[in-house]
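Protein chains in written order, with numbering that gives the first Met the number 0: chain D, 0 to 139; chain Z, 0 to 109.
Keep in mind that the hints were calculated from the coordinates and are not lab data.
Note that this is a predicted model, so its numbers are computed, not measured.
Treat the hints with care, as some may be off.
Here are the simulated lysine-lysine pairs, DSS-like style, with alpha carbons at most 25 Å apart [said to hold, decoys possible]:
no., chain 1, residue 1, chain 2, residue 2
1, D, LYS117, Z, LYS88
2, Z, LYS80, D, LYS117
3, D, LYS117, Z, LYS79
4, Z, LYS107, Z, LYS64
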Amino acid sequence: MSEPIVICLELPAEHRFLNIAGACIEALLERINDVPDRGMVSYGLQLAVQETCANIVDHAYRGMAGGRIRLEIALRADPRRLEIDIYDSGRPFDPSQAREPDLEHAQERGYGLFLMRKLMDVVTYERQDNCNHWRLARNL
Amino acid sequence: MNLEISMYCIAVVAVRDRIEAFNAPELRSRLDQLLAEGITRFVLDLSEVPFLDSAGMAVLVGLLKRARAVEGDVRLVWPKKEEAQRILKLTRFDRVFEIADSREAALKGF
Chain D
0 MSEPIVICLE LPAEHRFLNI AGACIEALLE RINDVPDRGM VSYGLQLAVQ
50 ETCANIVDHA YRGMAGGRIR LEIALRADPR RLEIDIYDSG RPFDPSQARE
100 PDLEHAQERG YGLFLMRKLM DVVTYERQDN CNHWRLARNL
Chain Z
0 MNLEISMYCI AVVAVRDRIE AFNAPELRSR LDQLLAEGIT RFVLDLSEVP
50 FLDSAGMAVL VGLLKRARAV EGDVRLVWPK KEEAQRILKL TRFDRVFEIA
100 DSREAALKGF
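With these hints in hand, go ahead and build the complete structure from the sequences.
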């Protein structure tokens, strides 16, 4: 089995820099041959990463300056999939604060995690050694 | 001559940028400014919006709620980008908002 292609990024935990992660994913996907529905897949991955990182800025690092977000983007073969591990050292994620949106009634909050789950094949979270670790994965 | 003349003002706001957590507060503030000036009916033309995240969607819903609270409304114009359309469908925004194919069609709806 071939070794995964891994790209690492570390960003300041500020909204203005989060588009860098999306741009990196888009650029990587452009270099992969024969991705079915490439535009949709790329957009979905970019949005899922944006939602994860925005959540880290807004909640994990709320009121804290100097936070960092580390991303490891791995393209694996057989089966081909993109895995994105996202780490921060902010407050733990509290699943009780993340309710599913009521889609019949528009609301201002709650769509972030919903979209991540809809767009990805895998969304996991774990707290490990005072760090938060999110894993997003999408088969290609 | 007994005349009653009413003039209704509709703000057409065309966004030509990503709407995401970074710039959503600015968009919200500009729309709030229009509401404060007495405008209650809005067409948000999203046709040139290439990317929309949940913070951007929150701005749309917030405007809808505030506009309806003063008997106004918000109509949207579909983003041209199919990927962005999909997000509005996944979240069922196409049921909550009236979304038109063009700015003209959205205005006609009022």
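Now for the hints, and whether the structure bears them out:
no., hint, in the structure
1, D:LYS117 x Z:LYS88, "holds, 12 Å"
2, Z:LYS80 x D:LYS117, "holds, 19 Å"
3, D:LYS117 x Z:LYS79, "holds, 22 Å"
4, Z:LYS107 x Z:LYS64, "holds, 21 Å"
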